[in-house]
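Visitor: Residue numbers (numbering that gives the first Met the number 0), protein chains in the order written: chain L, 0 to 122; chain V, 0 to 418.
Please keep in mind that the hints were generated in silico from the structure rather than gathered at the bench. In this text the structure is predicted, and so the values were computed from the model without any measurement. Positions of the beta carbon are idealized from the N, C-alpha and C atoms, including for glycine. Please note: incorrect hints may appear among the correct ones.
What the hints assert, rightly or not - Derived coverage of chain L by chain V (criterion: at least 3 residues anywhere in the stretch with Cβ under 8 angstroms from a Cβ of chain V; other residues may be distant):
| # | region |
| --- | --- |
| 1 | 9-20 |
| 2 | 43-56 |
| 3 | 110-119 |
Here is how the chains run, residue by residue.
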Amino acid sequence: MEKRQLTCINCPLGCQLEVVIDKGEIVSIENYGCQRGIEYAKKEIANPKRTVTSILPVIGGELPMVSVKTRTDIPKDKISECMHCLKDLKVGAPVKIGDVIVKNIGNTGVDIIATKKVDKKND
Amino acid sequence: MDNRDIVIIGGGPAGLAAAISAYHAGVSDILILERENSLGGILNQCIHNGFGLHKFKEELTGPEYAERYVDQVHELNIEYKLETMVIDITEDKHVIAMNEIEGVIDIKAKTIILAMGCRERPRGALNIPGNRPSGIFTAGTAQKYVNIDGYLPGREVVILGSGDIGLIMARRLTLEGAKVKMVCEILPYSGGLKRNIVQCLDDYDIPLRLSHTITKIHGKERIEAVTVAKVDEFLKPIKETEEYVTCDTLLLSVGLIPENELTRKAGITINPKTQGPIVDSNLETSIPGVYACGNVLHVHDLVDYVSDEASIAGQKAAMFVKNSLISDDKFAVIAGKGVRYTVPSWIIDDSSIAMSIIRFRVDGVYKDHFVTIKLDNEKAYHKQKRILTPGEMEQVMILRKWIDAKPELKTIEILLEED
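All chains should be modelled from the sequences, with the hints used to inform the complete structure.
Guide: Here it is in C-alpha cells:
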C-alpha cells in the first residue's frame, strides 16, 4: 500500500487529495471537494501526461529561435527523454506553425511541431 | 501631419483584437503602433501552452494564439508600424511617435485606443538590502532571454514571488538544465494558478516556500547567494529562521503594473487601485474618444478575457468615429466590501445594451462567500462561490432589465457577503 498526495488543479481551492494505491490500483481517494477531484486523481495516478514546449535554434531565420511543442501531451516520465532528443537540434528557415520538426519523439507516437512562424532572413 | 480615424497604441493581444473588431464595426482607417519588431506582444515569449481555452476551446501556446490575430490583421490589411515608440499623447488626441525611418511623427486621431499592456514590478519596488550585482532579473526578462534570444541566464536559480510567470520560468529553466533551488512567497498562499504549481513546481520537485522572503542579496560582480527567512503574520522576517542559499541568478515574479506613463501625461484619470485609467462600460477613459483595454486597463489573469475586452473597445471606438454612440449618461459602479476594484467604474445608460460585464478582483481569500450585486441597496444578484482569491479575475453581468426596472437608479454596488 502506498499513500500519495496530489493537488487537484481544477480550481483555486486546490484540494489536497489523498490517494491510497495498492499494486498500481487505486484503493481510495479522500479529501476531494467535488467529482472533478476524483477524475483528476484517477488520471494523474494511472497515466499522468503533459504537453512539453521548448525552443530550437533556426538557421538562416529572421529570428534566432523557434518555439516548438509536442502536438499532444506525452507521458510525464518521457519529458526528460523528449528534452534530451531536442538538445542538439537545429531547424532551417522558413518554418511555419504546425510544421513537423521531429516525428515520434522518444517513441511516444507524438510529433514535435513548430508553434511560431520564422521567415528566411533577407540579406 | 497624418490624420487617422483610430490609432491603437500597442500591437499585443489587446491592440490586435481592438483593431480587428473596429474594422468589423465599419472603420478601416486604423493604425497600430508597436514598439517591438513584431506584432503579438508578450505572447511571443510565452511559449508554454494553456492559452485560448475559453476563446477557441483548445490549448494553444502564446505564439499560436497571437498568430490567429496577426493573420486577421494581415487579411484585413490593417496598417501597423513596428519599432515605433509613442512618446506622447495629448488631450486633443495627437499621437506623437518616433521610429528610425520617419523620425518624429505627429498623428491627429479621431479616437485613440490605449493597449500598452503592463510591466513587471522591478527590484527597486521591493527594498531588498545588499549589493547591486548582476544576475538579478524579472521573470519576464529571463523568459525573453531563454525563449526569444535562446540563452540561459544562469545555472543555480532562486525565484522570489510565486506569480505565474515565475512558476512557468521555474519549469522552463529546469528543462533547459538549470537547478531551480526554491520559489519563495512572502504570503501564506500563492497567487499563481494551481495548475502551474503542480505542473511547474511539483513535477520537478521544486520547493515552494510559503511565508518566506529574501532579506539580503550577496555578491559583488555577480550574485552569489541570498538570505532567505520565514516571515511572521505581519510579514516581518524572523531573524532566527535565516538561511544562506547559494545561487548565481535571482528571478523576481512579484507582480505586474499597468504601463500608463502616456495615459498620465495626457491627463487621463487613473484608478489608484488598478493603476489603470478609470473607464465606463464603453471602455472610454476620462477623455472622450480615448479608450483603454487589456493589461493597461487592469492586469488580467487570462489572455482570452483581454481579447474579449479589447473587442468591445474596438467596437465602441468605431461607433465614436461614426458618431453612433447614443448616450453619455451613466451609473456609478461601487467596489463594496471584499472587492478591491471593478472595471468599468461606470455603466453607460444605453437601453440597447442587454448586459454589461463587470470584472473585479477580491481583496483576500474568501471561502463559500456570496457575490452580491446591489442596485441602490436592493439585491439584484446573490450567488455563492466556493472560493474567491485575489489571483483570479471574477466577472458578473449587469442586466439591462434590472436597470429598466429602477427608473431612479443611481449606483450599482458589487460586494461579498457571508450569507
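Visitor: All the hints need checking, so say for each whether the structure fits it.
Guide: Here is what the structure says about each hint:
Coverage of the region 9-20 of chain L by chain V holds. Counting CB-CB distances below 8 angstroms, 5 residues qualify, and the rule asks for three or more. Coverage of the region 43-56 of chain L by chain V holds in this model, with 7 residues showing a Cβ closer than 8 angstroms to a Cβ of that chain against a need of three. Note: the region 110-119 of chain L has 3 residues with beta-carbon separation from chain V under 8 angstroms; the three-residue rule is met and the coverage holds.
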